[in-house]
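Which chain is which? The protein sequence lines are B and P, in order. Numbering of the first sequence is given in our numbering, commencing with residue 1 and proceeding in unit increments. Numbering of the second sequence is given in our numbering, commencing with residue 1 and proceeding in unit increments.
It is worth saying that the hints were derived from the structure and are not from the lab. Please note that a few of the clues may not be correct.
[Stated by the list, open to error] Calculated pairs, PhoX-like style, for lysine-lysine (alpha carbon to alpha carbon, straight line, at most 20 Å):
no.	chain 1	residue 1	chain 2	residue 2
1	B	Lys118	B	Lys107
2	B	Lys88	P	Lys207
3	P	Lys207	P	Lys226
4	B	Lys107	B	Lys65
5	B	Lys74	P	Lys226
6	B	Lys118	B	Lys65
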Amino acid sequence: MECLRVEKIVKTFGGIRALNGISFTLEEGNLLGIIGPNGCGKTTLVNVITGFLRPSSGRVFYRGKDITGLRPSKIANLGVGRTFQMVKPFYQLPAYKNLVIPLSSPKIRRMGEHYGDKDSVALDILEDIGFERDSSIPFQVASVLPHGYLKRLEMARVLALQSDLIIFDELYSGLSLAEVASMTPLIQKLMSAGKTIIMIEHRLRELFRIADRILVMDQGSVIAEGASRAIMKDPAVQKAYLGVELKR
Amino acid sequence: MKENRRRERIDRPIKAVTDDIYCISSFREIVYLMLPRALPILILLIAVFFVPLYWKKVLVITFIMAIMAISWDFLASCGLISLGQALFFAVGAYISGGLNHYLGLPIYVTVPVATLLGGVISAMLIFPALRLRGMYFSMVTLIIPLMLMRIIEATKILGGTEGMSGLSSLPGLPFSISVSVLAVFAALFGLRRLLSSDNGMIFLALKDNDRAVEASGLNTLWFKVKAIYIGSALCAFCGAFMTHYYMSVGLSAFALDLSIFPIASCVLGGIGTLAGPLLGAVILGPLSEALRSLGTFRIVIYSALLIIFIAGLPEGIFPFLKRKYEQTERWV
Numbered sequence: 001m002e003c004l005r006v007e008k009i010v011k012t013f014g015g016i017r018a019l020n021g022i023s024f025t026l027e028e029g030n031l032l033g034i035i036g037p038n039g040c041g042k043t044t045l046v047n048v049i050t051g052f053l054r055p056s057s058g059r060v061f062y063r064g065k066d067i068t069g070l071r072p073s074k075i076a077n078l079g080v081g082r083t084f085q086m087v088k089p090f091y092q093l094p095a096y097k098n099l100v101i102p103l104s105s106p107k108i109r110r111m112g113e114h115y116g117d118k119d120s121v122a123l124d125i126l127e128d129i130g131f132e133r134d135s136s137i138p139f140q141v142a143s144v145l146p147h148g149y150l151k152r153l154e155m156a157r158v159l160a161l162q163s164d165l166i167i168f169d170e171l172y173s174g175l176s177l178a179e180v181a182s183m184t185p186l187i188q189k190l191m192s193a194g195k196t197i198i199m200i201e202h203r204l205r206e207l208f209r210i211a212d213r214i215l216v217m218d219q220g221s222v223i224a225e226g227a228s229r230a231i232m233k234d235p236a237v238q239k240a241y242l243g244v245e246l247k248r
Numbered sequence: 001m002k003e004n005r006r007r008e009r010i011d012r013p014i015k016a017v018t019d020d021i022y023c024i025s026s027f028r029e030i031v032y033l034m035l036p037r038a039l040p041i042l043i044l045l046i047a048v049f050f051v052p053l054y055w056k057k058v059l060v061i062t063f064i065m066a067i068m069a070i071s072w073d074f075l076a077s078c079g080l081i082s083l084g085q086a087l088f089f090a091v092g093a094y095i096s097g098g099l100n101h102y103l104g105l106p107i108y109v110t111v112p113v114a115t116l117l118g119g120v121i122s123a124m125l126i127f128p129a130l131r132l133r134g135m136y137f138s139m140v141t142l143i144i145p146l147m148l149m150r151i152i153e154a155t156k157i158l159g160g161t162e163g164m165s166g167l168s169s170l171p172g173l174p175f176s177i178s179v180s181v182l183a184v185f186a187a188l189f190g191l192r193r194l195l196s197s198d199n200g201m202i203f204l205a206l207k208d209n210d211r212a213v214e215a216s217g218l219n220t221l222w223f224k225v226k227a228i229y230i231g232s233a234l235c236a237f238c239g240a241f242m243t244h245y246y247m248s249v250g251l252s253a254f255a256l257d258l259s260i261f262p263i264a265s266c267v268l269g270g271i272g273t274l275a276g277p278l279l280g281a282v283i284l285g286p287l288s289e290a291l292r293s294l295g296t297f298r299i300v301i302y303s304a305l306l307i308i309f310i311a312g313l314p315e316g317i318f319p320f321l322k323r324k325y326e327q328t329e330r331w332v
């Protein structure tokens with residue numbers, strides 16, 4: 001079943017065309033990786049899909065529903081969750097209280113009391129993603145937590161929202177190899193739970209290991225699309241990444 | 001026996017979180033928690049009864065200004081830095097003044113109506129600016145009261161430059177003083193309770209990152225409107241109260257002082273603490289009154305004192321006291 005359909009998205013900032021007619025579809029339960037050089041419009045695309053930017057033209061459909069131009073909160077409540085490339089925790093709140101915010105959203109409230117007490121749900125989620133429950137870490141104010149934990153907290157927000165389509169915007173950036181290695185099983189767990197995932201990533205090796213399909217962007221356009229391994233053999237992709245085609 | 005005793009340093013707030021039902025664990029804990037809340041109430045209540053008449057009047061104004069400061073601090077905690085508290089004050093003042101002057105309604109009607117309606121009108125006036133963030137929002141809040149002031153001046157509505165006078169007065173000083181004391185504590189403890197609830201977390205989160213709140217599925221615009229409503233309703237109450245206290249309302253309700261005093265109190269007392277602004281207002285209000293005999297020179301002393309405090313204690317007086325109180329050592 002089709003989860004997300006993006007149709008001819010164009011986004012201009014003044015005279016600059018950040019997105020130049022992007023179209024793609026995403027099947028339910030798939031993991032789509034989006035790669036491309038810096039400044040090619042990946043984050044702009046995420047912002048358009050999640051409603052933080054209004055596209056100049058084009059449409060976005062989520063599960064058949066037109067979500068173009070809706071408020072970001074509305075889109076989040078429909079089930080599209082996202083993380084930010086630059087971590088955006090609520091610095092003055094303790095880590096577990098950070099999750100009280102998404103747990104207060106209309107989407108979660110509609111699920112009713114079966115979902116349990118907000119604080120304990122928050123602690124459960126944090127435990128799942130590696131905040132040691134018996135330590136003081138979940139109770140620490142977010143401003144004192146190290147970057148790795150903040151990235152996890154960013155992910156926890158999406159988990160708390162119980163989003164069905166999750167967009168990770170450079171989840172792995174700024175993480176050590178060990179941290180990346182510990183994040184990957186979390187994503188595989190999400191996939192086995194039937195979530196649809198879009199990952200924007202520069203860590204290609206880790207991405208190729210889990211992605212079903214890869215979309216390559218350059219200068220606001222999709223230049224190639226296909227299975228993980230094959231995609232890097234595409235001459236257009238090599239040109240975008242390396243400036244020249246690889247000669248063998 | 002002495003060698004068995006050691007000094008233990010306890011960070012009480014963390015203890016409170018980990019103990020969960022700390023409040024009823026022992027008499028000592030109860031006293032520890034109640035003392036900082038009960039002490040200022042007792043001091044203020046006693047002061048209210050025993051100071052001379054002139055200072056009682058000063059105290060009424062101080063408490064009203066303290067509410068304005070608490071309201072400013074609440075808005076600042078939500079990331080809405082308002083430079084136009086005077087707007088909210090004036091809206092309340094003009095609503096109660098107008099209702100009393102044109103319709104002859106008694107103060108028991110005008111003040112509550114001005115409080116609730118003032119919040120709505122202020123929120124509507126500020127609403128277009130809520131699309132702006134940070135400093136740009138603040139600049140608009142500074143301009144709106146100045147603009148309204150000129151509109152009233154030019155169109156001569158609501159009494160024009162003369163204002164409205166001969167309004168109903170409050171029934172006696174004991175009434176005003178008790179109402180203002182009750183209001184200040186209601187505002188302080190009410191907002192503290194709100195901000196420590198789960199809904200209050202959303203307000204605090206707005207300050208840190210409104211985009212992340214939006215991504216969490218909450219309509220930030222709606223929560224900002226709510227915050228402005230709560231903050232401005234408090235100020236509108238102050239405006240309505242002062243209108244009847246002075247028995248007149250005029251363009252002075254838009255005075256810049258009314259926007260600056262709350263900020264000065266918050267800076268002195270400690271931004272983001274809610275109790276700090278009350279402390280700051282209780283220091284600054286009587287102080288500026290005591291220095292009145294010095295004429296214009298009082299501004300110099302007043303400003304110098306503010307600078308000393310900002311340089312020496314940038315976190316504010318209240319967070320400093322709080323830290324000292326919480327990091328106690330005890331013998332065990």
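Right, here's what the structure says about each hint:
For the given pair, Lys118 (chain B) sits about 14 Å from Lys107 (chain B) by alpha-carbon distance, which is consistent with the 20 Å threshold. A threshold of 20 Å between alpha carbons decides the hint, and for Lys88 (chain B) with Lys207 (chain P) the separation of about 12 Å falls inside it, so the pair holds. Using a Cα cut-off of 20 Å, the hinted pair Lys207 (chain P) and Lys226 (chain P) holds, with the two alpha carbons roughly 14 Å apart. A threshold of 20 Å between alpha carbons decides the hint, and for Lys107 (chain B) with Lys65 (chain B) the separation of about 17 Å falls inside it, so the pair holds.
Between Lys74 (chain B) and Lys226 (chain P), the direct Cα distance comes to roughly 18 Å. Compliance with the 20 Å bound is thereby established for this hinted pair. For the hint pairing Lys118 (chain B) with Lys65 (chain B), the CA-to-CA distance comes to about 30 Å; that exceeds 20 Å, so the pair is violated.
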